[in-house]
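> One line per chain: the protein sequences are A and B, in this order. Oh and the first sequence: position 67 is 752 in this note's numbering, straight run, nothing missing. Oh and the second sequence: position 139 is 824 in this note's numbering, straight run, nothing missing.
One or more hints might be untrue.
[Unchecked claim] Simulated crosslink set (DSBU-like; lysine-lysine; CA at most 30 Å straight-line):
no., chain 1, residue 1, chain 2, residue 2
1, A, K1244, B, K1181
2, B, K997, B, K827
3, A, K1244, B, K1172
Just so you know, these hints were derived from the structure itself, not from any lab. Predicted, not measured: the structure shown is a model, and the values here were computed from it.
2 protein chains.
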Amino acid sequence: MYRTHTCGELRASDEGKRVVLAGWIERIRDLGGVKFIVLRDRYGRTQIVVNPDSPAYETVTQLSREDVINIEGVVRKRPPNAVTSELTGEIEVLAEKLNILSKSDLPPFYPGDDVSEEMRLKYRYLDLRTQRMTNNIITRHKLAFAARRYLSENNFLEIETPYLTKSTPEGARDFLVPSRLKKGSFYALPQSPQLMKQILMVSGMDRYFQIVRCFRDEDLRADRQPEFTQIDIEMSFVHMEDVLQLAEELIRSMYAEVGIKLPEKFDRISYEEAMEKYGSDKPDRRYGMELQDLTQFFKSSEFKIIQDVLSKGGSVKGFKARIPMSRKIADEYSEFVKNFGLGGVLWFRLENGQIASTTVKYLEKEYTEISKAYSMEEGDVFILAAHDNRERLSEALGALRLKIGREHVKVEGFDALWVIDFPFLEWSEEENRFVARHHPFTMPYEEDINSGVELSKVRAHAYDMVINGFEVGGGSIRIHSRELQEKVFDIIGLTKEEAQEKFGFFLDALRYGVPPHGGIAFGLDRLAAIAVGADNIREVIAFPKTSSGTCLLTNAPSKVYPSQLEELGITLKE
Amino acid sequence: MYRTHTCGELRASDEGKRVVLAGWIERIRDLGGVKFIVLRDRYGRTQIVVNPDSPAYETVTQLSREDVINIEGVVRKRPPNAVTSELTGEIEVLAEKLNILSKSDLPPFYPGDDVSEEMRLKYRYLDLRTQRMTNNIITRHKLAFAARRYLSENNFLEIETPYLTKSTPEGARDFLVPSRLKKGSFYALPQSPQLMKQILMVSGMDRYFQIVRCFRDEDLRADRQPEFTQIDIEMSFVHMEDVLQLAEELIRSMYAEVGIKLPEKFDRISYEEAMEKYGSDKPDRRYGMELQDLTQFFKSSEFKIIQDVLSKGGSVKGFKARIPMSRKIADEYSEFVKNFGLGGVLWFRLENGQIASTTVKYLEKEYTEISKAYSMEEGDVFILAAHDNRERLSEALGALRLKIGREHVKVEGFDALWVIDFPFLEWSEEENRFVARHHPFTMPYEEDINSGVELSKVRAHAYDMVINGFEVGGGSIRIHSRELQEKVFDIIGLTKEEAQEKFGFFLDALRYGVPPHGGIAFGLDRLAAIAVGADNIREVIAFPKTSSGTCLLTNAPSKVYPSQLEELGITLKE
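Required output: the full structure, derived from the provided sequences and hints.
And the structure:
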């Protein structure tokens, strides 16, 4: 038997037991001829003592870090002054036998060494040996299992949908898989099982979920992966309220499993309110610093820049912050908002009870009124900007708010909320047409459609869950009428023929008795990253890819044999 | 609210309750002007009664089968003579309101109609509405969840491994995914996460599992799918015994979850014994009819055909069966074994206490001795064959035994066993080299290797679980020494350069401290099919593909736009 106990298991109450432990050597020290080994496995660390008179002594002198060994010996209490805070810190094992199971070469780095992420990914098996990464993987496992348990207990069936499926080029770019049996044809890897889960509702499955890999062939941003994991959910005979309640309870129970308490009830704010107050549809409210509409204070201002904006129907917005301020910092913030098309920021501070600002001579009256209206205290800063496009103004200030928050505001705890009533459509400059903001299977507000408001104002029965400023999930009530679905395809510019070619099988399914249904999908990677406090999802993925889509461990993607391409009927373009 | 209860929920104790139900119309009957609707959802069926004086009556006349409706009404007990055995058979709901949620066109068939599998797959959403298919999907869900629960409770972590990974052309053919960011390079979809799970052991994860999709681009046999689901398991610091015990308990607990009791202890037989007794490495022992070595009975026989075989060192084997027999049937069986290279079968029957056979005049003495040795009773038949290659003889008779068993023996219950001690290698005629029988990461018996037996006789620490004649899982103890792994690569004919190119990252990982480890992988599709008694895994997959790899629902694989190929840097070969 390789071991009787793990390295995280023995306690003072095990004193006197004969045990076998196995694991990696994390450290060896020699104290006056006695060898002390810290033996490590996934479960913890136990100190092993090898005396010079032990039969194990000869072997121990050949050992080095990261060797895999097992030892047999007797548990004894440590002397009081040697007890550590580790769970196994009260005991040590006096080794009588010691086997080397696997010698380690000198590794390129030791687990936990401060090395580049590139090295960590290339030798992921060394990196994963750290307690931090081990805990990240354990937390991810616990979250996924808790999700499955909660959903199973609530009558959801986990149903697997195909990974080799049909290319439906609406949304992101598909990964394609050439078919060998049907040359010239391709499968696509699913961007999400959206249509399949809706078809499962048409099939009467009533409540579906799946923790499922999804694939998007996009130019990768720092925190995106070409494959990512979704907790995908769909329910029949429900309204938005049902989905929100279920989803909230799900996430609460998952986080509770890893010791995180989320609010009993998540706040709900509309997309419009989120944009107004935070300039973002995924606000992190923990930073405070809500955006304020300050336009009224400037109605009679003679400050030219602002007057120009207001005369075009623009707005002035700003937020109060408690941060250092200087001309240099203001310049930096101005540069920052210029990326969003703004001219810059204004600012003032309350200093010795007085307004202090580089623009105080032009705007003292307005600043004073604002400082009173928002109960500014000594040292508070107000940052303002003006623009004729109110949404752009909000976005720019929202982004600045976030930047300032991250740099200056120490936050803790968890802010969880729903953003609802998203716009149904958004204008795509690139394609010169409306596209569905969520996806084209989302139910629009029929009252908006029927009342004939302009298309950009039509709201959708769509909702996002936001935790600590990250969109962790999003969903919608779906269209369950073929007629409405065809109308929506028409609105987003698909001809009847295109709609039939891309989505014909789905439109067919809508003919034969469809329950009203809706759902949501959560990003498991993101949920896990938030739970462990990691700022990058790569920290909670065992084998992630780099931003160029490479696996540094295996070197995928890689060249293949010409015969493989031959069989698939494809050739590389020169 | 669309419903207060499901269609499987109401009982006599709910009498008098006002309820809302939603579902599909399975049947409408008119009895003397009163309308009776059988309303169906995933949970069951409830009878709805609509009286002519009900406000719902006008709507009910517009309804047809498979429409989706909801109704509001009051639960009442059925008259005693109308009670059915259905769970909701004691009650019905007297409808007062009725809404049509979705009209159904006339479907191409009604759920449960006897139509071709092609139709069932094309309109899968209609097929999945049957109770049988719904139950199959539910059983599959329960099995998967039970597996996860059992493994989680036993300290296994579910860890996701990449789907976009490296092509390792050892084994089956890979599905390839062209990379857009690195043109000319390809990801491969994993045939199994074998190397990744071993690397997770090197990472110290100790106990890993994953219910994971695997992909093999093979010419599909009737019961194969290009993507299939595996319960993949790996454990550190274990011997074969540990894996077998864990795996057995896992499968028992999964099957218990769906009401199937497997034996407390699975028998274990060696590969050699399985081949000797059943001519198969996945025997279904429920048929009885073990193969017997009859060579000794023919040592002094003068029957030429047999003497020829024996003089070449061949064998005679056969089995006792209780089946109809005639010259015609014997001819059919002879034809059958000719496919395996045998000359044909001999047979005799005990009839009125006498040996009856077309060959009785040549072999009466031998037949008589056999009939006594195997205690043949009136009507028993013995089928025999001879061949100089004993393994081929066993295989042929094993296949004939299985054919006869399926045609003539009524079996029930579950036969679960382990087949162990597989040969490490098998000779590939095609490639003119030894290949690994399980895979090249399997630990060979070191005593066999060191004792210098011929390579074909070296045994492996490999094991298969067999239930009812299907290999439901297989695994092995793995090589954890880089030196031995390199030696095995050499034995199977990989040059050092090839080994480095294909498996270099894995050989590297073996340098830095590797725990002894082993594992197993189960086919979830097969386990589910056996549990529901389906003879094809397509019956337990929501959206399976045909044997040509086509999804009849979506028509995947399909043509893509030239621009998509352009972006990937590939072209179709003319």
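> Hint by hint, note whether the structure agrees.
Hints, verified against the model:
1. A:K1244 x B:K1181: Given pair A:K1244, B:K1181 holds - Cα atoms ~19 Å apart, limit 30 Å.
2. B:K997 x B:K827: violated, 55 Å
3. A:K1244 x B:K1172: Given pair A:K1244, B:K1172 holds - Cα atoms ~26 Å apart, limit 30 Å.
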